[in-house]
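Protein chains: 2
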Amino acid sequence: MLQLPLSLDASSKTPLYEQLYRALVAQIRGGGLPAGSRLPGKRTLAGQLGVAVNTVDTAYQILTAEGYLQARPRSGFVVQETWDPAPPKAAGEAGEKAAAPVPRRWRFDLSTGGVDTALFPFRTWGRIQKELLYAAPELLGHGHPQGDENLRQAIAGYLAAYRGVDCQAEQIVVGAGTEYLLGLAAGLFRGAAAAVENPGYRRVRTILENNGLTCRCTPIDESGLDVAALARDGAALCCVTPSHHFPTGVTMPAARRGQLLRWAAEGPGRYIFEDDYDAEFRFDIRPLPSLQGMAGRSGPVVYLCTFSKSLAPSIRIACMVLPPELLERYRQVYGEYANTVSRFEQQTLCRFLEAGHFARHLSRMRLAYKNRMEALAAALQAEFPHALLQGRHTGLHLLLTLPQGPGEAEMVAAARREGANLTGLSAYYMEAAETCPENTVVLGYAALPDRDIPALAEALGRAWR
Amino acid sequence: MLQLPLSLDASSKTPLYEQLYRALVAQIRGGGLPAGSRLPGKRTLAGQLGVAVNTVDTAYQILTAEGYLQARPRSGFVVQETWDPAPPKAAGEAGEKAAAPVPRRWRFDLSTGGVDTALFPFRTWGRIQKELLYAAPELLGHGHPQGDENLRQAIAGYLAAYRGVDCQAEQIVVGAGTEYLLGLAAGLFRGAAAAVENPGYRRVRTILENNGLTCRCTPIDESGLDVAALARDGAALCCVTPSHHFPTGVTMPAARRGQLLRWAAEGPGRYIFEDDYDAEFRFDIRPLPSLQGMAGRSGPVVYLCTFSKSLAPSIRIACMVLPPELLERYRQVYGEYANTVSRFEQQTLCRFLEAGHFARHLSRMRLAYKNRMEALAAALQAEFPHALLQGRHTGLHLLLTLPQGPGEAEMVAAARREGANLTGLSAYYMEAAETCPENTVVLGYAALPDRDIPALAEALGRAWR
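For the record, the sequence lines run as chains A and B. According to the working numbering, the first sequence is numbered sequentially starting from 1. According to the working numbering, the second sequence is numbered sequentially starting from 1.
Hints in this document: simulated from the structure, not taken from any laboratory. Don't take every hint at face value.
[What the hints assert, rightly or not] For each label pair, taking beta carbons as the anchor points, the in silico distance ranges come out as:
id: 1; chain 1: A; residue 1: G356; chain 2: B; residue 2: P15; range: 26 to 34 Å
id: 2; chain 1: B; residue 1: R72; chain 2: A; residue 2: R270; range: 27 to 35 Å
id: 3; chain 1: A; residue 1: A229; chain 2: B; residue 2: E131; range: 50 to 58 Å
id: 4; chain 1: B; residue 1: G335; chain 2: A; residue 2: A10; range: 51 to 59 Å
id: 5; chain 1: A; residue 1: H357; chain 2: B; residue 2: R416; range: 25 to 33 Å
id: 6; chain 1: A; residue 1: A229; chain 2: B; residue 2: R123; range: 54 to 62 Å
id: 7; chain 1: A; residue 1: R360; chain 2: B; residue 2: G461; range: 58 to 66 Å
id: 8; chain 1: A; residue 1: R72; chain 2: B; residue 2: A231; range: 23 to 31 Å
id: 9; chain 1: A; residue 1: R392; chain 2: B; residue 2: E131; range: 37 to 45 Å
id: 10; chain 1: B; residue 1: V78; chain 2: A; residue 2: E434; range: 57 to 65 Å
id: 11; chain 1: A; residue 1: T44; chain 2: B; residue 2: A231; range: 56 to 64 Å
Glycine residues also receive a C-beta, built at the ideal position from the N, C-alpha and C atoms.
If we strip away everything but chain A, and leave its shape as in the complex, we get:
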């Protein structure tokens, strides 16, 4: 049991548990706390530092949740090896860390999966949860397999108002994440061929293939998915991100949307899976209505969206809108499945939507992200006058191209040496990587604190010249 050379600053704006957390991460990273060493008990350390036991408890919890520590029933908290980013070789300890890494803390988190959780409406969410927990014990019982009726009503209202989605509550399936829902939808088409966007989300392809579909990588042009290529592919399904193509940021114009809907109308059994993953964060104009809305409630579109991006990644609530004939198939195949979202969280979200909190929360977030995007774009443009920035009208990431850059691989490597975990555009190509624009990287800014923007621009300046 070792002593910790630590001191916390009670006058700092940074909460004590956060200071403690950072100090411990620094020591673990720096080797001051090698893997296997035991941390002092919570009370001991709290006494040593003159802070509340809760403070230590919270810090230990975060470190444990992030995998820095392991809580052992009787022996307390033990330091773990830090993550090895190599792909899994085998099962076992190393396997675990490689295969299922907890996100490493970067100086600048530019991942596209991030969310600014500082914007999370704690008080309201917490109050509603508490009310429900004491007021509605019936919520402990079985709910509707597709999700509670009142939540689906509230979601239908929200989707109609904000995304131009045209559906009845009964067409909605609530589930624990879009990955889960996409898997269920894909399971209705086992053996079929599906077109996926290239470049695009690898995970979509993985999920489709895991559910027995074969995938055709279909190219993207300046209007989004190439419908002519899609038609040649002979796929029955087509997965698209029309509001904001991932990762290029292209928004599919009306004409192309029309072509895509015609493609679906021309073949029996053709469906479009519309992944509306971040369209609530559109900065220029009112969000474009969804493809689903264009097609109508009986059109050949399966609409998917998540609340995890607008609330918090750890809150697993997403929804899927099915056209009537698929809804019927869905119920024949999955009618016995219980819903995967806790009813307390379903009802918390329901009240949050019904009371208008969600709408207010979204506008707050939209503004915060817009300001951040503009500050980031300005700082990058100032640092790199010749850089080309794309994807500024919507979403939570930017594309940056350096015309005379040292090459994408070197850009990424140099940035990572500076502690910025951005990604090269080519990483999103599942095929034909040679067609990828050169010297282009993807910067997600959702999890990037505004105050870090100047330092990030400097760091990239050092990295790239």
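For chain A, the structure is supplied; the task is to place chain B on it using the hints.
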């Protein structure tokens, strides 16, 4: 907008919202509130009845969640048609209700899926949730794909102590329900043949088939799954409920367990899926250790259990223990999938386990269920001296056989006429229903209030003689 002839009794032990809920259900059932009629606004009704708006709100919410009402954005709460138990004909309103019924309220709920939610530890669970919500904003971020490390540690400790499961935390996958986890596990064996118990859980077969496996119905004898028949089947996988076969209640003896493990050892790539769905409710002796424990942490057993039965059906947390080589395959296939359980609920369960609340909660429930089972068995035996009762040593349901009974179908129909929704044993046969013991019904008592037991026995007495 109709007036409601209602009066609530503030002096009663029954909460006001529950009284209101029951009164409204009675009116909806009785036709006093036909489908389509609009309920008074919450404030109006609260004023009329002289109760808090919250009281009305809670009652309306429950009715909505149960599908009696539908909340319409501007037009308030509208009475829905009550459920039609016929299979789905088409999509649309009727289709919805048929395909995805919200459990109808019976006078005696004898379903095997029920849980006595009155035993739910509200205060503790609520306190922990509140603490977490304010103390650990980091829980909003992405967690470990298999579930938070500290939760998996706590689960490993619990499974070792209570179920004799032998595993490391890294072998555990936490997910939103056993159905979801079974689907993932099945996805690793697409195209394989799996043996399922007959009689048994239809849902297990559905999930396996939905994930591309073919199922062989394998008979049960007085020691559980017939391993000789299994060997003849030529299946690679075998799904069993050894602690407490569903629904016959047979506990697989050690000798048969040994045969089953030998079967798995004899063929490469053979695995046993052990569904330990309710073994924490064993009344006679300490629960038998799991098959997984007999096989050891590297043995060919996938162990599945849920916390929804011991906490509440609406809390969707289950776990799966994978042997190392399957863990590796799991990570190759699903490594990119985010976990499906909200981290707040993960951490609530974690603290609940770590602080010993879960162990105390289980012993309270076990005692309550044991007393209920004994009272029920005594009441039934008194009513039917010649009846044979089976499955009394464990689980949450009983089998009742009437040697000179009028036949299973008539027993079920007559019981339902008396408001008791029990099930005939033959309903669990997917094949060879002719081998089903006659005059035998399955009574689940988890959701049956003790005070209703005498009335139930009387009602069945009326029904069956």
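Tested hints:
With their beta carbons about 29 Å apart, G356 (chain A) and P15 (chain B) fall inside the hinted range of 26 to 34 Å. In this structure the hint that R72 (chain B) and R270 (chain A) lie 27 to 35 Å apart at CB holds, the actual value being about 34 Å. Range check, A229 (chain A) to E131 (chain B): about 54 Å between beta-carbon atoms, so the 50 to 58 Å window is met. Judged by the Cβ atoms, the range 51 to 59 Å given for G335 (chain B) and A10 (chain A) is violated: they are separated by roughly 42 Å.
Here the CB-CB span from H357 (chain A) to R416 (chain B) is close to 44 Å, at odds with the stated 25 to 33 Å. Checked against the hint of 54 to 62 Å, the C-beta distance between A229 (chain A) and R123 (chain B) comes to roughly 60 Å, which is consistent with it. R360 (chain A) and G461 (chain B) have their C-beta atoms about 59 Å apart, which keeps the hinted 58 to 66 Å range intact. Taken as a hint, the range 23 to 31 Å is violated for the pair R72 (chain A) and A231 (chain B), whose Cβ atoms sit roughly 42 Å apart.
Take R392 (chain A) and E131 (chain B): their Cβ atoms lie about 41 Å apart, and the range 37 to 45 Å holds. Against the hinted window of 57 to 65 Å, the Cβ-Cβ separation of V78 (chain B) and E434 (chain A) comes to about 59 Å, which satisfies the hint. At roughly 58 Å, the beta carbons of T44 (chain A) and A231 (chain B) sit within the given window of 56 to 64 Å.
Of the numbered hints stated above, those contradicted by the structure are hints 4, 5 and 8, listed in ascending order.
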